[in-house]
Amino acid sequence: MKKYFANIIEVIKSFLKEVGEISYFAGRFFKEFLFPPYEFKEFLRQCYYIGNRSLFLVGVTGFIIGLVFTLQSRPTLQEFGAVSWMASMVSVSIIREIGPIITALICAGRIGSGIGAELGSMKVTEQIDAMEVSGTNPFKYLVITRILATTLMLPLLVIFGDVLAIYGSYLVENIKDNVSFQLYFNQVFNILEYSDVVPATLKTFFFGFAIGLIGCYKGYNCKKGTAGVGKAANAAVVYTSMLLFIIDFIAVFITNIFYKM
Amino acid sequence: MTNDSSKAPIIVIKDLHKTFGTNKVLDGFNLVLNEGENLVVMGKSGSGKSVMIKCLIGLETPDSGTISVMNKEINTLEQVAIDELRTEIGFLFQGSALYDSMSVRENLEFPLRRHTKKFGKIKDTTPLVIEALESVGLANAINLMPNELSGGMKRRIALARTLILKPKIILYDEPTTGLDPITSKEIILLMKSIQEKYNTSSIIITHDVDCAKAIANRMILLIDGINYIEGTFEELNASNDPKVQAFFK
Ligand SMILES: Nc1ncnc2c1ncn2[C@@H]1O[C@H](COP(=O)(O)OP(=O)(O)O)[C@@H](O)[C@H]1O
Ligand SMILES: [Mg+2]
Numbered sequence: 001m002k003k004y005f006a007n008i009i010e011v012i013k014s015f016l017k018e019v020g021e022i023s024y025f026a027g028r029f030f031k032e033f034l035f036p037p038y039e040f041k042e043f044l045r046q047c048y049y050i051g052n053r054s055l056f057l058v059g060v061t062g063f064i065i066g067l068v069f070t071l072q073s074r075p076t077l078q079e080f081g082a083v084s085w086m087a088s089m090v091s092v093s094i095i096r097e098i099g100p101i102i103t104a105l106i107c108a109g110r111i112g113s114g115i116g117a118e119l120g121s122m123k124v125t126e127q128i129d130a131m132e133v134s135g136t137n138p139f140k141y142l143v144i145t146r147i148l149a150t151t152l153m154l155p156l157l158v159i160f161g162d163v164l165a166i167y168g169s170y171l172v173e174n175i176k177d178n179v180s181f182q183l184y185f186n187q188v189f190n191i192l193e194y195s196d197v198v199p200a201t202l203k204t205f206f207f208g209f210a211i212g213l214i215g216c217y218k219g220y221n222c223k224k225g226t227a228g229v230g231k232a233a234n235a236a237v238v239y240t241s242m243l244l245f246i247i248d249f250i251a252v253f254i255t256n257i258f259y260k261m
Numbered sequence: 001m002t003n004d005s006s007k008a009p010i011i012v013i014k015d016l017h018k019t020f021g022t023n024k025v026l027d028g029f030n031l032v033l034n035e036g037e038n039l040v041v042m043g044k045s046g047s048g049k050s051v052m053i054k055c056l057i058g059l060e061t062p063d064s065g066t067i068s069v070m071n072k073e074i075n076t077l078e079q080v081a082i083d084e085l086r087t088e089i090g091f092l093f094q095g096s097a098l099y100d101s102m103s104v105r106e107n108l109e110f111p112l113r114r115h116t117k118k119f120g121k122i123k124d125t126t127p128l129v130i131e132a133l134e135s136v137g138l139a140n141a142i143n144l145m146p147n148e149l150s151g152g153m154k155r156r157i158a159l160a161r162t163l164i165l166k167p168k169i170i171l172y173d174e175p176t177t178g179l180d181p182i183t184s185k186e187i188i189l190l191m192k193s194i195q196e197k198y199n200t201s202s203i204i205i206t207h208d209v210d211c212a213k214a215i216a217n218r219m220i221l222l223i224d225g226i227n228y229i230e231g232t233f234e235e236l237n238a239s240n241d242p243k244v245q246a247f248f249k
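So the protein sequences, as listed, match chains A and B. The UniProt record's numbering applies: residue 1 is where the first sequence begins, and numbers increase by one. The UniProt record's numbering applies: residue 1 is where the second sequence begins, and numbers increase by one.
If you're looking for bench data, these hints aren't it; they were derived computationally from the structure. Don't take each hint at face value.
DSS-like mimics (lysine-lysine), calculated; alpha carbons at most 30 Å apart, straight line [said to hold, decoys possible]: (1) B/K185 <-> A/K224; (2) A/K140 <-> B/K44; (3) A/K140 <-> B/K166; (4) A/K140 <-> B/K7; (5) B/K123 <-> A/K41; (6) B/K123 <-> A/K140; (7) A/K140 <-> B/K168; (8) B/K121 <-> B/K72; (9) B/K154 <-> A/K224; (10) A/K224 <-> B/K7; (11) A/K41 <-> B/K154; (12) B/K117 <-> A/K31; (13) B/K123 <-> B/K185; (14) A/K3 <-> A/K140; (15) A/K41 <-> B/K117; (16) B/K154 <-> B/K168; (17) A/K13 <-> B/K24; (18) B/K14 <-> A/K224; (19) A/K17 <-> B/K154; (20) B/K123 <-> B/K14; (21) A/K41 <-> B/K7; (22) A/K223 <-> B/K154; (23) B/K192 <-> B/K44; (24) B/K166 <-> A/K231; (25) A/K223 <-> B/K117; (26) B/K72 <-> A/K140; (27) B/K185 <-> B/K7; (28) A/K224 <-> B/K24; (29) A/K223 <-> B/K7; (30) B/K121 <-> A/K231; (31) B/K44 <-> A/K231; (32) A/K41 <-> A/K31; (33) A/K140 <-> B/K117; (34) A/K31 <-> B/K118; (35) A/K140 <-> B/K154; (36) B/K121 <-> A/K31; (37) A/K41 <-> B/K166; (38) B/K123 <-> A/K224; (39) A/K41 <-> B/K24.
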């Protein structure tokens with residue numbers, strides 16, 4: 001029994017230590033990202049790379065979510081004779097919640113793990129040391145560029161995913177009820193208020209930041225050996241997913257406080 | 001002593017200590033490298049050879065002890081001064097450490113982008129890249145990616161990348177480890193020819209006895225965190241100490 005408790009305390013301790021280290025890593029990002037030298041070219045390369053790697057996946061997933069979500073909700077709405085509310089319901093739930101969180105989770109798997117594996121293998125094969133010796137600050141060149149790129153690209157990817165999800169939903173309505181494109185999208189935009197769009201967009205910046213931060217942290221602190229690289233990539237996904245839900249919860253909580261007043 | 005008194009020391013390490021957690025790696029290590037000399041450091045795997053040369057170039061911070069490179073104390077320098085000093089020190093990493101995502105040309109250009117003090121602003125890097133590649137006999141590999149290169153070629157390109165800054169000192173971390181015997185011999189010959197061409201001083205870390213024999217002016221054995229014994233290859237080879245003998249069997 002005593003051993004059991006000791007174990008739990010160990011786990012909590014190492015978790016808190018990790019949280020501390022990640023905060024320190026984030027602190028270093030904020031301390032250094034404003035000052036030159038700026039690695040602008042590498043930043044653009046990362047933006048392109050992130051978009052290129054996830055655009056297709058985010059698009060297809062968004063589209064299918066839109067289709068499925070509409071098909072699944074139809075019977076219930078029909079029961080209440082509220083099918084005409086479909087566009088509004090889809091719009092609000094996709095924009096507020098489903099679009100951001102699904103896109104972020106996909107990117108955590110696709111981009112976060114990629115960054116973790118890339119930086120991890122660079123660490124293990126001493127490429128990061130080689131950079132440092134070459135007079136380039138590897139934190140600026142590798143970490144800051146990637147965190148900035150994910151922070152900026154995630155909101156764009158979310159918008160792209162949202163649009164395709166709503167389009168998927170429209171296709172269902174168009175096939176089932178012959179709803180016109182114009183009518184459907186009018187309804188979609190009419191229901192939306194600032195309170196739906198602004199907080200939802202703001203939180204996607206935090207999602208992007210979390211994905212870049214954890215991926216870089218895990219890769220940059222990768223343990224020696226090839227097993228370390230796999231672990232870094234895996235841990236990046238697990239930690240990021242957890243963090244995404246925590247951020248989401250906090251964001252919704254804060255939004256509710258603001259708009260109830 | 002085999003120290004040639006006519007040549008000035010270019011690197012001096014005094015009483016270096018480094019501990020990771022409870023793992024005492026370096027425990028009062030001393031070393032002197034004279035100008036133009038090839039100094040071989042041998043030691044078992046995990047004995048702290050890499051840690052020692054990483055301290056030398058400021059990648060690891062020692063717990064105590066002093067390291068002076070070209071009369072500058074590494075531990076007391078500002079970042080800018082360290083970067084400047086690093087242009088005089090080439091470092092060949094154990095696994096070559098080429099940047100996977102960059103072509104050979106970009107790999108060689110990388111050290112030039114920030115180390116601008118030494119050459120001024122360079123408009124066209126191509127002549128420098130080609131010159132460095134020619135020194136290692138691989139001028140035609142300029143547009144290849146690292147994953148298209150064999151182990152021996154990677155080592156040569158990595159060497160070219162350190163040569164591009166025309167350093168006065170080259171640190172080799174196990175330059176022949178992981179290579180077949182023939183390629184190892186080629187790399188050793190290359191190291192010799194580079195020393196003649198660029199007139200460098202070198203510290204070579206290895207546990208390859210053939211490599212040590214071929215290149216060492218002087219040797220140090222790193223055992224139990226200290227420089228256990230120093231001397232020429234022949235002197236150490238003739239030693240009766242079983243700990244020393246173990247390296248030469
Ligand atoms: N960053 C580090 N953190 C903890 N231990 C390390 C670190 N770097 C090296 N070590 C330990 O120091 C010892 C010497 O390592 P190293 O210098 O790489 O050996 P080698 O002589 O084979 O090059 C090893 O036991 C290694 O585990
Ligand atoms: Mg080593």
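We went through each hint and held it up to the structure:
Of the supplied pair hints, the one linking B/K185 and A/K224 holds, its CA atoms being roughly 29 Å apart against a limit of 30 Å. With a C-alpha separation of about 36 Å, the suggested pairing of A/K140 with B/K44 is violated against the 30 Å cut-off. A C-alpha spacing of about 26 Å is found between A/K140 and B/K166, which places the hinted pair at or below 30 Å, so the restraint holds. Annotation: proposed proximity of A/K140 to B/K7 is violated, straight-line Cα distance about 40 Å (limit 30 Å).
For a cut-off of 30 Å, the pair hint linking B/K123 to A/K41 stands: about 18 Å separates their Cα positions. Distance check on the hinted pair: B/K123 and A/K140 sit about 24 Å apart at the alpha-carbon level, within 30 Å; holds. Between A/K140 and B/K168 the alpha-carbon distance is near 28 Å, which keeps this suggested pair within the 30 Å criterion. For a cut-off of 30 Å, the pair hint linking B/K121 to B/K72 stands: about 25 Å separates their Cα positions.
Using a Cα cut-off of 30 Å, the hinted pair B/K154 and A/K224 holds, with the two alpha carbons roughly 21 Å apart. Restraint check: the Cα-Cα separation between A/K224 and B/K7 comes to about 39 Å, which exceeds 30 Å; the hinted pair is violated. With a CA separation close to 26 Å, the supplied pair A/K41 and B/K154 stays within the 30 Å bound. Taking the CA atoms of B/K117 and A/K31, the gap is about 26 Å. The hint holds against a cut of 30 Å.
Note on B/K123 and B/K185: the hinted pairing is violated, with a Cα-Cα distance of about 37 Å set against a maximum of 30 Å. A distance of roughly 44 Å separates the Cα atoms of A/K3 and A/K140; the hinted pair therefore is violated under the 30 Å criterion. For the proposed pair A/K41 and B/K117, the alpha carbon gap of about 21 Å is at most 30 Å, so the pair holds. At most 30 Å may separate the alpha-carbon atoms for a hinted pair to count; B/K154 and B/K168 meet this at roughly 22 Å.
For the proposed pair A/K13 and B/K24, the alpha carbon gap of about 26 Å is at most 30 Å, so the pair holds. A distance of roughly 29 Å separates the Cα atoms of B/K14 and A/K224; the hinted pair therefore holds under the 30 Å criterion. Proposed proximity of A/K17 and B/K154 is contradicted: the alpha carbons are some 39 Å apart, above 30 Å. A hinted pair counts as satisfied when its Cα atoms are at most 30 Å apart, and B/K123 with B/K14 does not qualify at roughly 42 Å.
For the hint pairing A/K41 with B/K7, the CA-to-CA distance comes to about 45 Å; that exceeds 30 Å, so the pair is violated. For the given pair, A/K223 sits about 24 Å from B/K154 by alpha-carbon distance, which is consistent with the 30 Å threshold. In summary, the hint linking B/K192 to B/K44 is supported, as the alpha carbons are separated by about 24 Å, within the 30 Å threshold. For the given pair, B/K166 sits about 39 Å from A/K231 by alpha-carbon distance, which is inconsistent with the 30 Å threshold.
At roughly 35 Å between alpha-carbon atoms, A/K223 and B/K117 are farther apart than 30 Å, so this suggested pair is violated. About 27 Å separates the Cα atoms of B/K72 and A/K140, which keeps this hinted pair within 30 Å; it holds. Distance check on the hinted pair: B/K185 and B/K7 sit about 29 Å apart at the alpha-carbon level, within 30 Å; holds. Between the alpha carbons of A/K224 and B/K24 the distance comes to roughly 19 Å, so the proposed pair stays at or under 30 Å and holds.
Between A/K223 and B/K7, the direct Cα distance comes to roughly 42 Å. Violation of the 30 Å bound is thereby established for this hinted pair. As the CA atoms of B/K121 and A/K231 are separated by approximately 42 Å, the hinted pair breaks the 30 Å bound. With a C-alpha separation of about 28 Å, the suggested pairing of B/K44 with A/K231 holds against the 30 Å cut-off. Straight-line distance between C-alpha atoms of A/K41 and A/K31 comes to about 21 Å, which keeps the hinted pair within the 30 Å bound.
Restraint check for A/K140 and B/K117: the C-alpha separation of about 20 Å stays at or below 30 Å, so the hint holds. This hinted pair checks out: A/K31 and B/K118 have alpha carbons roughly 29 Å apart, not beyond 30 Å. Between the alpha carbons of A/K140 and B/K154 the distance comes to roughly 26 Å, so the proposed pair stays at or under 30 Å and holds. Restraint check: the Cα-Cα separation between B/K121 and A/K31 comes to about 28 Å, which is no more than 30 Å; the hinted pair holds.
Of the supplied pair hints, the one linking A/K41 and B/K166 holds, its CA atoms being roughly 27 Å apart against a limit of 30 Å. The straight-line distance between the Cα atoms of B/K123 and A/K224 is roughly 39 Å, outside the 30 Å bound, and the hint therefore fails. Restraint check for A/K41 and B/K24: not satisfied, since their Cα atoms lie roughly 42 Å apart, outside the 30 Å limit.
Hint compliance for this structure: hints 2, 4, 10, 13, 14, 19, 20, 21, 24, 25, 29, 30, 38, 39 are broken, all remaining hints hold.
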